[in-house]
Amino acid sequence: MNEAVLVPEVNESLPSIRSNEGMLAWVASVDHKQIGILYLLTALLFFLVGGLEALLIRIQLFFPNSAFLSPEMFNQIFTMHGTTMIFLVLMPMLFGLATYVVPLMIGARDMAFPRLNAFSFWIFCFGAFMLNFSFVSGGSIGNGAPDAGWFAYAPLTEVPFNIDPGMDYWALGILGLGVSTLTSSLNLIVTILKYRVPGMTMTRLPLFVWMVLITAFLAVFALPSLNASAILLLFDRKLHTMFFLPQLGGDPVLWQHYFWFFGHPEVYILILPAFGVISEVIPTFSRKPIYGYEFVAGSAVAIAFLAFGVWIHHMFTVGLGQGIYFVFAATSMLIAIPTGIKIFNWIATMWQGNIRFTTSMMFATAFIIEFTVGGLSGVAFATIPIDWQLTDSYFVVAHLHYVLFGGTVFALFAAIFYWFPKITGKKLNERLGKWQFWLTVIGFNLTFLIQHFLGIIGMPRRVYTYPDEPLWTPLNQVSSIGAFLLGIMVLMFLVNLIYSLKRGEIAGDNPWDGSSLEWATSSPPPPENFTKVPPIKSRRPLWDINHG
Amino acid sequence: MDKTKLSVVIFILSESIFFIFLIAAYVFFHGRHLQGMDAHAFLDVPRTGFFTAILLASSVTMMVAMMFFRKEKFRLMSFFTFLTILLGAIFLYGQGSEWWGLIQQDVTISRNLFGATFFTLTGFHGFHVFVGLIMLTIIWGFTLKGNKCLPKENAVDSISLYWHFVDGVWIVVFTVIYLWK
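In order, the protein sequences belong to chains R and U.
The first sequence runs 0 to 547 under numbering that gives the first Met the number 0.
The second sequence runs 0 to 180 under numbering that gives the first Met the number 0.
Because the hints were derived from the structure by calculation, they are not lab data.
The C-beta atom is built at its ideal place from N, Cα and C for all residues, glycine as well.
Take these hints with a grain of salt, some might be off.
Keeping only pairs whose Cα atoms sit at most 20 Å apart, straight-line, the calculated SDA-like set for lysine to any residue is [said to hold, decoys possible]: (1) K151(U) x F220(R); (2) K237(R) x K151(U); (3) K180(U) x I170(U); (4) K193(R) x P45(U); (5) K2(U) x G248(R); (6) K237(R) x F123(U); (7) K180(U) x P45(U); (8) K193(R) x K180(U); (9) K193(R) x I170(U); (10) K2(U) x L192(R); (11) K4(U) x S376(R); (12) K193(R) x D1(U).
Selected chain U positions facing chain R (in silico; Cβ < 8 Å) [to be verified]: (13) I22; (14) V26; (15) F27; (16) G30.
Chain R with its partners taken away, still in its complex shape (with noise of 0.2 Å):
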């Protein structure tokens, strides 16, 4: 590593991370590290909360008529499995990845704005409380959480309709963690334009950057929706404004417009960052170059534009006319070109290389797999006759699945066992982390597969019980039990956490051999990050280096 490059910004101090050890220097951190830490963690507690009220939803479905959860509870328990897992999992998880690894990977010392991130941070969390705090804010069954669904449809969630305060905490939740996505997006936005190292021009920049950019852009224009729809909600709630009442004027349907203007986009959110750590993983474990570098970007640029003109598509059965249908319908289908861009790119990049099928790569390769069906379950939605059919039935839960578990999830699970050594010093054990692997493939599958059969034959989402009819009963059953075998998997997960951070092997700078600046430091890397930069000559700087 000669011809050494200096990192920008020196000019500004920098917190030690080891100085003042202690809680204290979690909490009052700027450093991106810390930070990026305490979203995973924070989201790794909901993502058991969340994982929770699943496993509580199938006890529940297990047996027809069953009285193990009442109708009230069932209501509040899918509303807040719904919510935690977008906005209290996925999200912080994707945005705590990035805040970890971008800065690294574009050779910066930190984010281009260490204390807003930190205020990022403490936002979402104060917004991730104040929603769960409402299970013990008392309502008129005992427990007010709010109870209307993630999309919290309107007039349900007026007080007319809803007198208990979950939707009040809802919506003040929820306008908490809109702020935080947006400065975080914000940050990372300008960190990733501004705080490059240089000869990382935007050509070079690694895949999993762009779409954390992309990413970022989608969320500035996309959030501002969400905010303004929990405001007039609140408004609704608090000061008896009709934005949403029909009875007074209002228009619920204005909802369904606001909402989705932010819902659909939201979709990409997570999904696009997850394209970006496949995009890392298999590259990595194929020994080549990603093929079709400027595809996967590019592609992502479309997906995010049209992301912004699909929403529609989630309002097919309000009655908005057959003109406004079919041109939904077309640039929904339309997203299944860029996405399908990159499915030939990841399975291009595999194609003849060197492949090592650790943890992580049978994730990314799984990725493959299961996001494709969810992909085109998709395109069937996008069918306007087959929408009719299925909608709101256990089809629309079997198709989200795939793509936020078989998609997002999965490849999170790649992105953990891929950056847990450069995080932690420490690998995470592949034998158990191969077991968990084919754990979460049959649980995965076991529970979400048969929902496609569920729904087909009728069964609606979000009933609380249902009727013995023929079918029904089994199928619940084993999706039940691929339910509580997801459950086992996340045990064995947070097994696998402590047993590998206690007694992992260690993993030393580049365990992996990857070709991006976050291997070039030490693992877990220095308060500042990097002493030295190696130059930048190409896509795979580190490559370069070791095989050049």
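Starting from the known structure of chain R, fit chain U onto it as the hints suggest.
The following block gives chain U in isolation, referenced to the frame of chain R:
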């Protein structure tokens, strides 16, 4: 563009979307000619037009203040920053008194859709003006101490950008609410 200005520009883009949604709510309900949207009749357009001119003038004084800042004439900059704050405050007074008048006539946020959309939109705009005034006041406080304490140009420039944005939003709000019958 340096990092401070870049972040403010992106922040402003995001805020624009936020205001577009509040304005869209007004347009959505106003366009339907619902009963209860007639409270438009209570608005005094020329009076608010006057306060609009005041706010626009504050953008001009802000630009002049920035000009003197670049020429390093800090006493003049201080004066024009103060003038900007004064004009902004007069605008807020105008809005406050208008609100007071409407509430006296029982046109409130919970009365009908006009009240709901009007108070939400102008309220959020007023809040943004208020935040701008706080930032300008901080800058003004620095200018009183001369050039020693002043933040860098990009920081002051960012605040001025934000101030122009707040004015720009008001032009749209004024056009949509006051001029569109």
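Going through the hints against the structure:
no.: 1; hint: K151(U) x F220(R); result: violated, 29 Å
no.: 2; hint: K237(R) x K151(U); result: violated, 42 Å
no.: 3; hint: K180(U) x I170(U); result: holds, 16 Å
no.: 4; hint: K193(R) x P45(U); result: violated, 46 Å
no.: 5; hint: K2(U) x G248(R); result: violated, 45 Å
no.: 6; hint: K237(R) x F123(U); result: holds, 16 Å
no.: 7; hint: K180(U) x P45(U); result: holds, 14 Å
no.: 8; hint: K193(R) x K180(U); result: violated, 46 Å
no.: 9; hint: K193(R) x I170(U); result: violated, 33 Å
no.: 10; hint: K2(U) x L192(R); result: holds, 9 Å
no.: 11; hint: K4(U) x S376(R); result: violated, 43 Å
no.: 12; hint: K193(R) x D1(U); result: holds, 8 Å
no.: 13; hint: I22; result: violated, 10 Å
no.: 14; hint: V26; result: violated, 11 Å
no.: 15; hint: F27; result: holds, 6 Å
no.: 16; hint: G30; result: violated, 12 Å
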